[in-house]
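Enquirer: Using the sequences and the hints given, assemble the complete structure.
Number of protein chains: 2
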Amino acid sequence: MLGKVLRGTDIENSEAAATLEALATPALLLDRDRLDRNLDRLSSRMAARGVVLRPHMKTGKSIDVARRVYQSVPGPITVSTLAEAEYFAQHGFRDITYAVGLAPHTADRAMRLLQAGVDLKVLLDSPEQGVMLGAAGRAAGVRPSAFIEIDCDGHRGGLTATDPKLITVAAALAEAGVELAGILTHAGESYGLSAPEALVAAAENEKTVAVAAAAALRAAGHECPVVSVGSTPTAHFAEDLAGVTEMRAGVYMFFDLVMHGVGVCTTDDIAISVLATVIGTKPEKGWILVDAGWMALSRDRGTAAQRVDQGYGLVCDLSGEVYRDLIVVQASQEHGILAMRSGSTQALPHLPIGAKVRILPNHACATAAQHELYNVVSSDSAAIEARWPRMRGW
Amino acid sequence: MLGKVLRGTDIENSEAAATLEALATPALLLDRDRLDRNLDRLSSRMAARGVVLRPHMKTGKSIDVARRVYQSVPGPITVSTLAEAEYFAQHGFRDITYAVGLAPHTADRAMRLLQAGVDLKVLLDSPEQGVMLGAAGRAAGVRPSAFIEIDCDGHRGGLTATDPKLITVAAALAEAGVELAGILTHAGESYGLSAPEALVAAAENEKTVAVAAAAALRAAGHECPVVSVGSTPTAHFAEDLAGVTEMRAGVYMFFDLVMHGVGVCTTDDIAISVLATVIGTKPEKGWILVDAGWMALSRDRGTAAQRVDQGYGLVCDLSGEVYRDLIVVQASQEHGILAMRSGSTQALPHLPIGAKVRILPNHACATAAQHELYNVVSSDSAAIEARWPRMRGW
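Heads up: the protein sequence lines correspond to chains A and B, in order. In terms of the UniProt record's numbering, the first sequence is numbered consecutively and its last residue is 394. In terms of the UniProt record's numbering, the second sequence is numbered consecutively and its last residue is 394.
A pair holds if it fits inside one copy or across any two, identical chains being indistinguishable in the list.
Below, simulated DSS-like cross-link-like pairs (lysine-lysine); rule was C-alpha separation at most 25 angstroms, straight line:
id, residue 1, residue 2
1, Lys282, Lys165
2, Lys165, Lys285
3, Lys285, Lys356
4, Lys282, Lys356
Think of the hints as simulated: they come from the structure by calculation, not from any bench.
Expert: Dropping the structure here:
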């Protein structure tokens with residue numbers, strides 16, 4: 001089973017290998033050196049704090065990316081769909097948290113993974129879901145395990161740490177024969193921050209709420225083994241994680257312009273980019289047209305609300321060097337318009353038809369999802385070293 | 001070859017057939033009755049004006065959708081990628097316009113389709129592209145054919161009708177051994193309009209500029225057989241198309257909330273929707289959480305700039321009836337938050353965990369692109385009548 005995890009789909013030295021110059025565009029590039037650097041950074045940080053890192057595979061959606069995270073033995077992971085859970089289970093992963101609220105059809109489907117020997121934990125925040133999960137477990141002849149979702153910042157779902165319903169849900173799980181895995185929270189509001197002190201405070205709040213929720217459950221007689229927190233910003237800004245047992249994060253593997261705007265990374269840390277070709281110029285408007293529109297870049301405009309709006313992406317040369325202030329100002333389905341950022345004093349670079357550029361994405365999860373595969377490169381070479389397929393769907 | 005076009009991938013009466021209630025979510029639905037009605041509407045409109053309709057396949061990206069457009073013989077189509085051109089050619093289509101500006105790698109690849117007997121026309125607006133295309137044609141032993149792109153409203157690429165470069169490009173094509181197919185323009189700015197008189201004026205302008213460009217070429221001694229215009233709004237608002245030979249449009253097949261905001265369709269005309277399941281509720285915030293986030297809906301916020309902002313989509317019940325004022329107010333990767341539109345006097349409908357809804361998309365092209373296939377339904381039944389795969393990539 002592990003052999004499957006370790007068998008890469010690298011195409012080094014194969015006929016399909018190519019160079020950046022020869023690659024048809026638009027195409028998604030993944031810089032393996034930057035990926036490895038980003039992985040090391042967070043895993044070292046968590047190891048130093050004695051907290052388990054449970055990477056979120058929703059960003060990469062690729063067994064080959066997962067193999068960079070776990071180079072020998074498959075470890076704990078988080079997923080956003082049951083299709084991801086099934087995909088990673090097929091590749092040998094056994095410790096999986098499905099971090100999206102349970103529905104009747106996902107409860108039944110999740111039980112099939114338990115029957116196959118996967119330690120899949122699900123997420124819920126209501127007694128009804130507990131009853132539903134218990135029934136699904138009994139029908140499948142397995143004992144389900146669930147996290148109760150905690151709301152630490154009003155971002156999305158979950159119960160507050162002081163909500164009496166927390167104890168009601170735990171009791172419903174016990175009654176329904178469902179194991180309480182622990183509590184899980186996500187500081188989603190941290191994506192809207194940028195001041196370091198605010199990020200430290202968001203991480204502190206995420207931890208405090210999580211630990212308080214676990215304490216409330218334990219005080220009511222429920223075991224709460226796992227205290228799971230996480231978001232890429234808080235994972236990098238948390239100073240003290242006492243009481244937390246695991247950290248979840250996903251976009252940290254690739255980083256992106258939104259994370260740059262939050263202050264978690266530099267543009268030089270961003271591991272993915274979209275390779276595009278110039279297909280037209282409009283000198284009178286200061287425009288360069290490329291063949292990467294929103295189909296290749298995604299419609300994500302996550303930097304629009306940040307201090308520096310990066311349009312649909314920041315443009316680099318073929319080596320990955322940023323053209324200062326050159327951004328994708330407009331995108332239609334298969335066209336991107338490059339222009340200097342408003343107010344820039346830089347000159348528009350000369351990029352004739354056929355020239356190639358790399359575009360750093362606003363949001364790595366959204367941009368990568370527009371592509372079938374990663375063209376893997378290293379930081380100091382123009383060779384495509386591997387092609388790593390992505391999975392998709394639900 | 002035609003047999004291939006007419007052979008559907010319907011799954012009627014097959015084991016895979018299911019009902020809306022039983023379908024795993026999120027899932028893309030396509031209402032075949034609405035699709036057929038939308039197709040009839042524009043084809044009748046163009047037939048009445050004696051203008052060829054060349055549907056744009058970038059929205060549907062499906063041979064099964066194309067088979068509803070052309071129920072007997074494959075006709076003229078427009079595509080946005082060479083992967084689409086190759087896909088539709090494999091399914092018997094022979095008259096294809098690739099309406100994105102030419103690059104060196106696409107020129108070579110396009111020639112392979114010409115070698116295979118496909119009448120593929122490409123798009124350009126510079127002498128350099130003409131020279132590049134001529135060389136690709138000579139290398140492949142075929143005679144390429146190209147449209148000159150005309151800019152009718154400053155939206156994107158192309159030359160204005162009065163730009164002397166228009167004649168320079170035509171001369172470069174002749175010199176390079178490239179056939180001048182005609183001129184092609186796209187009133188992309190019409191997507192930003194909503195007043196009927198402004199839409200009529202945009203259509204009139206698109207036609208006037210196209211006809212003037214063709215006249216300028218003819219006056220300089222160049223044949224300009226095709227005068228191609230198009231956008232879904234102008235296609236539906238054009239009153240007089242004298243001098244125009246063909247109309248291109250794509251999103252008219254499905255329609256969407258952006259087109260509703262422009263005033264081209266009603267919400268009842270929208271043929272695609274995303275089926276989603278309730279996975280949580282936050283009564284204290286007036287929120288209902290569903291399992292369709294931006295991965296299922298896309299990040300498109302095209303209605304944000306319109307008079308009525310529909311968030312990430314307008315919510316309907318399982319039969320397709322709109323819940324007045326219930327929209328997707330926030331989306332993360334696999335979560336959507338439903339809430340009443342700001343200022344609404346309507347009450348939040350009761351939707352418990354497990355309940356299903358249909359979400360009308362802002363932008364059909366972007367939402368459909370997030371999915372592998374269409375679950376085909378009819379307007380008056382809850383049965384999934386067919387599953388139509390979509391193609392993707394470049």
